[in-house]
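K.L.:
Note that this note's numbering gives residue 140 to position 140 of the sequence shown, counting from 1, and the numbers run on in steps of one.
A portion of the hints provided could be inaccurate.
[As the list claims (entries may be wrong)] Okay, the calculated beta carbon distance ranges per label pair:
1. T231 - F156: 33 to 41 Å
2. W384 - D242: 45 to 53 Å
3. E152 - L409: 50 to 58 Å
4. A5 - G34: 38 to 46 Å
5. P253 - T231: 29 to 37 Å
6. D116 - Q192: 15 to 23 Å
7. T231 - G398: 58 to 66 Å
8. A264 - G112: 52 to 60 Å
9. Q247 - I133: 41 to 49 Å
Simulated from the structure, these hints should not be mistaken for lab results.
This one's a predicted model, so the numbers in the text were calculated from it and none came from an experiment.
Ideal Cβ positions, reconstructed from N, Cα and C, are used throughout, including at glycine.
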Amino acid sequence: MRELAQTVLPFKVEATEERLTANAGLALFGEFIGGLGLKRWLTTEMPKPGSARGYAANAFVTPLVLMLTGGGRSLEDLRTLKNDTALNQVLKQDVLPSTDAVGDWLRRTGIGTGLDGLDRINRRAVATRIRQIGIKAHTLDGDASQIVAEKEAAHFTYKGEQGYMPMIGHLAEAGVVIYDEFREGNIAPATQNLEFIQACETRLPKGHRIAQVRLDSAGYQADLFNYCEDTGKTFAIGGRLDAPTLQAIAEIPETSWKTYADCAVAETVHSMGETKKAFRLIVVKYPRQAELFDDAPKYHVIASNRVESAADTLIWYRQRGEVSENGIKELKIGFGMERMPCGQFAANAAFFRIGVIAHNLFVLFKHSALGEGWQRHQVATVRWRLFHLPGKLVRHAGAWVLKIASENLDLFQRIRARSFACATANPSP
1 MRELAQTVLP FKVEATEERL TANAGLALFG EFIGGLGLKR WLTTEMPKPG
51 SARGYAANAF VTPLVLMLTG GGRSLEDLRT LKNDTALNQV LKQDVLPSTD
101 AVGDWLRRTG IGTGLDGLDR INRRAVATRI RQIGIKAHTL DGDASQIVAE
151 KEAAHFTYKG EQGYMPMIGH LAEAGVVIYD EFREGNIAPA TQNLEFIQAC
201 ETRLPKGHRI AQVRLDSAGY QADLFNYCED TGKTFAIGGR LDAPTLQAIA
251 EIPETSWKTY ADCAVAETVH SMGETKKAFR LIVVKYPRQA ELFDDAPKYH
301 VIASNRVESA ADTLIWYRQR GEVSENGIKE LKIGFGMERM PCGQFAANAA
351 FFRIGVIAHN LFVLFKHSAL GEGWQRHQVA TVRWRLFHLP GKLVRHAGAW
401 VLKIASENLD LFQRIRARSF ACATANPSP
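Please model the complete structure; the sequences and the hints are all you need to start from.
P.N.:
In structure tokens, the structure reads:
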């Protein structure tokens, strides 16, 4: 005689052959990126398969974008997407390669021309977002971010951990990543900052430019300051407390300090040996709590060529935390880029760039298909409120019907209407 299972709550669990999905809302995102032209972009920009039996790039990139946007973190999570037959039927995803095949494709893409192709696809997504905001002069926030990865081939970062140190450039007004440069962990954040800014600007559509630059102290470099001056860019860049800077601070008169609740602010004029022009040095002084051997004040300095009050420049510089630092946090935690799946640098570079594309496509989805009140939400909130709503796929009168809870029907219909309007009003760039 079969023994009845003991349970805490009085309900049963049974199997069904019905087509169910826990990702009904993710189908809306898949429909949006399809209407946007992602498959067409991939066909145009990515290398063709090496043989007639090989998969096209769309078979790899689109599932990865859906997986990362839906909350997956590793290539193994593609299995969950592959087993969601209802979602795959709705999105017409007939082919999903194995995780081993995806890993091999990432390696080939990272060492070949595919990485440049992914860059061009990201430029298309960025151009679409830029058209929405209607400005041509942009603020660039650049930053390096450590990714801890205990891979045999990964190098140690300046923080003493094994991993990678990608550079990431955000367009503040648009909220998208204009460019990423995946770097080995032993590459210092201060390496080639000027070249990175120039690379970001070349990826803007024709007629657009970087007008303002915000960087941390890794960007405190004479050639970068000169470039900004020569090209008419305003900047605010974290300074370094080297001997000349400390001497300049010491020479600021006590009467020049303006006191606030938690700090005091003053400024002076400063230069480096190779800068063509002097720049403003805004100094923030924080009182240090009394310590046994050191009670000297703590300083933070910002170099700038902006023409406004020191307080206004300080406020503007601190906004990079909302854009770059929070944007990197969303990219790494929200889209799984805090963990790299492969042992090879090139494969991880391709994976990271696909993560950037997924992030930018989600930004487009928020501002194009979701209504007011959704734009401020991070991807984790949208997953909980939309992407992971359940649904059942049925066949009715020769058509597939995705059944959802009645209270969500109006939301789904409005999102689909906006996605259609976006697809028809914004032809692929």
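K.L.:
Confirm or reject each hint.
P.N.:
Comparing the hints with the structure gives:
Take T231 and F156: their Cβ atoms lie about 36 Å apart, and the range 33 to 41 Å holds. A hinted range of 45 to 53 Å holds for the C-beta pair W384 and D242, which are about 47 Å apart. The given range of 50 to 58 Å is respected by E152 and L409, whose C-beta atoms sit roughly 51 Å from each other. For the hinted restraint 38 to 46 Å between A5 and G34, the CB-CB distance of approximately 44 Å keeps it satisfied.
Range check, P253 to T231: about 34 Å between beta-carbon atoms, so the 29 to 37 Å window is met. For the hinted restraint 15 to 23 Å between D116 and Q192, the CB-CB distance of approximately 18 Å keeps it satisfied. Against the hinted window of 58 to 66 Å, the Cβ-Cβ separation of T231 and G398 comes to about 60 Å, which satisfies the hint. The beta-carbon spacing between A264 and G112, approximately 55 Å, falls within the hinted interval of 52 to 60 Å.
At roughly 43 Å, the beta carbons of Q247 and I133 sit within the given window of 41 to 49 Å.
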